[in-house]
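Participant: Each chain, written out:
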Amino acid sequence: MSEPAFAAAVLSDAPPPVGADRFEVYRGSVTGALTATLREAFPAVRRLVGDAFFDAMAREFLRAHPPRSPIMALYGDALPGWLARFAPLSALPWLPEVAAIEQARREATHAADAVSLDPARLAEADPDALRLAPHPSVRLLRTRYPALSIWARNAERPDLEAAPAGEVLITRPALSLQIAPAPNGTADTLAALSQGTALGDALPQGTDHAAILACLFSAGALIERPMP
Amino acid sequence: MPLPPSAGIGFKPQHAAALDNPGAVSWLEIHAENYMVEGGPRLALLAEMAQRFAISAHGVGLSIGGEDPLDSAHLARLRHLLDWLKPAQFSEHLAWSSHGGAYFNDLLPLPYTAATLDRICAHVDTVQQAIGQRMLLENPTSYLRFDDSTLSETAFLAAIVQRTGCGLLLDIENVFLSAQNLGFEARDYLSAFPLDAVGEIHLAGHAPGEDVLIDSHSAPVGDPVWALYADVIARTGPLPTLIEWDADLPEFAILQAEAARAAHILQGVPA
Numbered sequence: 000m001s002e003p004a005f006a007a008a009v010l011s012d013a014p015p016p017v018g019a020d021r022f023e024v025y026r027g028s029v030t031g032a033l034t035a036t037l038r039e040a041f042p043a044v045r046r047l048v049g050d051a052f053f054d055a056m057a058r059e060f061l062r063a064h065p066p067r068s069p070i071m072a073l074y075g076d077a078l079p080g081w082l083a084r085f086a087p088l089s090a091l092p093w094l095p096e097v098a099a100i101e102q103a104r105r106e107a108t109h110a111a112d113a114v115s116l117d118p119a120r121l122a123e124a125d126p127d128a129l130r131l132a133p134h135p136s137v138r139l140l141r142t143r144y145p146a147l148s149i150w151a152r153n154a155e156r157p158d159l160e161a162a163p164a165g166e167v168l169i170t171r172p173a174l175s176l177q178i179a180p181a182p183n184g185t186a187d188t189l190a191a192l193s194q195g196t197a198l199g200d201a202l203p204q205g206t207d208h209a210a211i212l213a214c215l216f217s218a219g220a221l222i223e224r225p226m227p
Numbered sequence: 000m001p002l003p004p005s006a007g008i009g010f011k012p013q014h015a016a017a018l019d020n021p022g023a024v025s026w027l028e029i030h031a032e033n034y035m036v037e038g039g040p041r042l043a044l045l046a047e048m049a050q051r052f053a054i055s056a057h058g059v060g061l062s063i064g065g066e067d068p069l070d071s072a073h074l075a076r077l078r079h080l081l082d083w084l085k086p087a088q089f090s091e092h093l094a095w096s097s098h099g100g101a102y103f104n105d106l107l108p109l110p111y112t113a114a115t116l117d118r119i120c121a122h123v124d125t126v127q128q129a130i131g132q133r134m135l136l137e138n139p140t141s142y143l144r145f146d147d148s149t150l151s152e153t154a155f156l157a158a159i160v161q162r163t164g165c166g167l168l169l170d171i172e173n174v175f176l177s178a179q180n181l182g183f184e185a186r187d188y189l190s191a192f193p194l195d196a197v198g199e200i201h202l203a204g205h206a207p208g209e210d211v212l213i214d215s216h217s218a219p220v221g222d223p224v225w226a227l228y229a230d231v232i233a234r235t236g237p238l239p240t241l242i243e244w245d246a247d248l249p250e251f252a253i254l255q256a257e258a259a260r261a262a263h264i265l266q267g268v269p270a
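As you go down the protein sequences, you meet chains R and L in turn. The opening residue of the first sequence carries number 0 in numbering that gives the first Met the number 0; numbering runs sequentially from there. The opening residue of the second sequence carries number 0 in numbering that gives the first Met the number 0; numbering runs sequentially from there.
Don't take each hint at face value.
[Claimed, not checked] Derived CB-CB ranges, DEER-like: (1) R:Ala164 - L:Asp245: 39 to 49 Å; (2) L:Asp146 - R:Asp12: 17 to 27 Å; (3) L:Asp195 - R:Ala111: 36 to 46 Å; (4) R:Glu23 - L:Ala256: 31 to 41 Å; (5) L:Phe183 - R:Arg58: 29 to 39 Å; (6) L:Gln132 - R:Leu121: 47 to 57 Å; (7) R:Ala83 - L:Ala154: 51 to 61 Å; (8) R:Asp12 - L:Ala233: 44 to 54 Å; (9) L:Asp147 - R:Ala86: 41 to 51 Å; (10) R:Arg46 - L:Ala233: 44 to 54 Å.
In short, the hints are calculated from the structure, not lab data. Quick reminder that beta carbons are idealized off the backbone N, C-alpha and C, glycines included.
All chains should be built: construct the whole structure from the sequences, respecting the hints.
Facilitator: Given below as structure tokens:
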């Protein structure tokens, strides 16, 4: 038996290299297990395209992008980009952004733990002396379509059904996931903070600084960087 | 906490609250790969469970049976998890699951030859060195036979035990399914199995089938498997025994009843 031939055939329609009909058991269980992982990972995408379409699409995807690691918690990270190039879905240009929201929620769920900055620290410390960084769970998406609203309508989140296109902030400050529309400039602020810029200089000119800070604090999106 | 020679179940987060009244469930098994994440609710819940139950860590992703070298990054993640969790034991499969950098999320089969024996022994040695402890290796479910096999599965497993010092995880459902699928006697297989090396037993149930029976972990343990299990326990004495149920999860009471049935057999009472 050649393992390369087995591996190639199990993710294709090639003739069975061993076992004749029985080889289909392995082909079926590999496809079934990976499809089940994707179903669980992208429930809103599945609801939007329907179960049958989703499963057929998942089969195409998993053959093109089999997992590169045995950790299934994050398998599917390539799906949003792949969907954007998947011709049968070109009439749903917002779907990749919905998938990106679902993937970002998984990443935030499993990110490292850290204690979010208590807003009271801003009042008691010199803001320029505070060394801040994004919480490890922070995921910031910039959407061209109202993807957060579309996601919300397919994820039983009526509170977010009117969310506009624009920035979306996802965090998991303690153990529960948060998702909210973020004011314009939040992404740039977080990017500057992660470069080590002080908070006062991280807030972009021409943006609503109070709104950005309120969003970041209510999401627990900031941590105090440990002293070097 | 060592694994008690009693009944355990595969831990599912949806059963966390029900485990306040565990009944016959006295330990839990986890799939190691599910907990190879950096933080968050999964690890927090597992830490809580590990305060109350002995844990057996069961790997599905090392690809010990594979042709490729073991993935050193994955071994390091495993070591990290075991150092943090300190489970009673760690087990993996006589199977492969990765090839050429792709991971198939399934347990794929291999022929039993002198060459594959050398390879697997080297892989088991590498794992035991990397994790600093003895591991258990589980017998697979077979759906096909390889023409190039020269050793029986039981002789193959016995040789691995002898050469690496590892223990075995005896999955009696897998023996039952392989016997059905390949047409041999499960009792003959168990007579030849190196029972002295067994550190844990798995029991499970499967979906109905005709030509081929699939290892689906989706149903109560079948009566033929209970009978084989009682025979094994009569020979080995009590061993940690897992009720393995991963798909179409039932309510906790059903798992408790399955665990209780295993506990009766372990206590020498007819089930």
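Participant: If a hint holds in the structure, say so; if it does not, say that too.
Facilitator: Results for each hint:
no.	hint	in the structure
1	R:Ala164 - L:Asp245: 39 to 49 Å	40 Å, holds
2	L:Asp146 - R:Asp12: 17 to 27 Å	23 Å, holds
3	L:Asp195 - R:Ala111: 36 to 46 Å	43 Å, holds
4	R:Glu23 - L:Ala256: 31 to 41 Å	34 Å, holds
5	L:Phe183 - R:Arg58: 29 to 39 Å	34 Å, holds
6	L:Gln132 - R:Leu121: 47 to 57 Å	48 Å, holds
7	R:Ala83 - L:Ala154: 51 to 61 Å	53 Å, holds
8	R:Asp12 - L:Ala233: 44 to 54 Å	48 Å, holds
9	L:Asp147 - R:Ala86: 41 to 51 Å	43 Å, holds
10	R:Arg46 - L:Ala233: 44 to 54 Å	52 Å, holds
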